[in-house]
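**Q** Between the sequences and the hints, there should be enough to build the whole structure, so can you do that?
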Amino acid sequence: MTLLELDNVTAWYGPVQVLDGVSLSVPDNGAVGILGANGAGKTTTLRAISGAVRTGGRITYDGRDIRGLHPEQVAKLGIAHVPEGRGTLGQLTVRENLRVGAYLRKDRKAVAEDLDYCLELFPNLKDRISSSASALSGGEQQMLAVARAFMARPRLLLLDEASLGLAPSTAKAVYEAIRRLRLESGIAMLIVEQNANLAFTLVDSAIVLETGRNVLSGSSAELKGMDEIRRAYLGG
Amino acid sequence: MDTFIQLVIDGLALGSVYAALALAIVLVNQSTGLINFSQGAMAVLSAYFAYVLIGWGFPTILAILGSIVVSFLLGAIVERLLIRRFEGGDPDTAVVVTIGLLTLFTGIAGWIWGYNNRQFPSLFPLETVDILGAVVSVRSIGTTLTIVGIMVVLQLLFQGTKLGLALRAVAINPSSAAYSGLPVGRLLMIGWGLAAALGAVAGALVAPALTLTPGMMDTALVYALAAVIIGGLNSPLGAVVAAWGIGVLENLAAVYVPFIGYDLKIAVPFIILFVVLLVRPQGLFGRKVVVRV
Ligand SMILES: Nc1ncnc2c1ncn2[C@@H]1O[C@H](COP(=O)(O)OP(=O)(O)OP(=O)(O)O)[C@@H](O)[C@H]1O
Ligand SMILES: [Mg+2]
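Those protein sequences? They're chains A and B, same order as listed. Just so we're aligned, residue 1097 is where the first sequence starts under my numbering, counting upward by one. Just so we're aligned, residue 115 is where the second sequence starts under my numbering, counting upward by one.
Treat the hints loosely; a few may be bogus.
[As the list claims (entries may be wrong)] Distance condition first, Cα-Cα at most 20 Å in a straight line; then the derived EDC-like pairs of lysine to aspartate or glutamate:
#1 K276/B / E1209/A
#2 K276/B / D1203/A
#3 K1172/A / D1158/A
#4 K1205/A / E1216/A
#5 K276/B / E1192/A
Hints in this document: simulated from the structure, not taken from any laboratory. Keep in mind the model is a prediction, meaning the values are calculated, not measured.
**A** Below, the structure written as structure tokens:
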């Protein structure tokens, strides 16, 4: 079953058109990557799904058209978005950030259980639970951003460059935790990543964007075999 | 000594009025990043609402509660219909808009109710009590305690409730908060509504002493802004402490520093302001933020 489908999606910042027909689909429990150079429109594609930019085309989620909804309505439908730059609420504590993540939920007991799960998944956060988020390291903030998104118990997670600005070993650890999260929770994921090596540890398939439209798509194995992908994104 | 105690407690009461307005300014700044220069004028309108209700025969306390409710709605509507268009845009434009509102609201009050001074009943009895030999008015004590109560309630709201957490989250990063499903627009309306409700309290506290006029809050607004800057824009406690400090020092200086007297005492908060900003540019209690005024 397809959970999310983008069909010829366009997007604008004011009068400037940035997406020029992006199509992709994410199956239930699947993980799909979006690759592409700087400025290709990866972040904008995720913003289009969340309703944070003006869009055209068709965006179908769980069988209904969600194009034109506001970000908070999209969140209500079970889509969590870890934005580029993490979106951490700096002056709030780690615990408060996680509580914001669970804002829409009423099941207090399950929320408490999920909080424990997050702290087990990201032990670094456990020691810092009462410190303000701005005092965390970059890697810890990224973990917090992912944990906060998970606290909403989404069906689909949009993840924008979780490796941005992190040391390679930290980035690897973050992706390892996300992979475990995927296996244990079955949350579907749409993952933007510049570092294709990292992305391929997680996704089943991917699309490649160039100046606002997809130019390639395929399974991870197919893409890894292609020369142009190797040259452009896998370092030779 | 007894004069001193009397001056301090009256100063606290005076400072409490500035504090109510300062808290409202901090609240708006915390939830939208703006300085609302029309906060004082909105408080004047609130006081006139209460005045009208009293005229209709409501008891003072009910009239004030009624004006608090109406003011909440007024604040929320102003945010929704006007300020919303300027949020996320150029903050300088938004500040000019709030200055425009200051003129507009003052004008509306003058147009409807005229510029004559009107008597406004005090919530507190006009009696005095004896504290350590000093004669202190019950009104001063009541005014100060009211602000302490409001501060406690605000603290509980922001630190202890889901609504308070949501208001803070939206203030820090609205677009990120929206990704967690927080209703950003509604929370901003609530922030402005709460600020206007606080302003209504300030209006009701100051009106009995100054009598009700459209310009009643002009000086208080200037002092409240000074308190907000001294206390740190993002610290409710700082704003209240600074406002009390201003009220007390203003009173003491007028009596004990001969050349200041009653004419120059308006300068007192600004002398404090300059000294504090020289030593701590982020204010006494504040964290560093870029203030664009
Ligand atoms: N807020 C904005 N206003 C105007 N143009 C924007 C805005 N954000 C992005 N753009 C433009 O839209 C295009 C796509 O940007 P986007 O952020 O989606 O790229 P990206 O693939 O995520 O790049 P990166 O890998 O650098 O994050 C770029 O040309 C960018 O300059
Ligand atoms: Mg990007």
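**Q** All hints are to be evaluated individually against the structure, with a verdict given for each.
**A** Hint-by-hint comparison with the structure:
1. K276/B / E1209/A: holds (19 Å)
2. K276/B / D1203/A: holds (14 Å)
3. K1172/A / D1158/A: holds (13 Å)
4. K1205/A / E1216/A: holds (17 Å)
5. K276/B / E1192/A: holds (10 Å)
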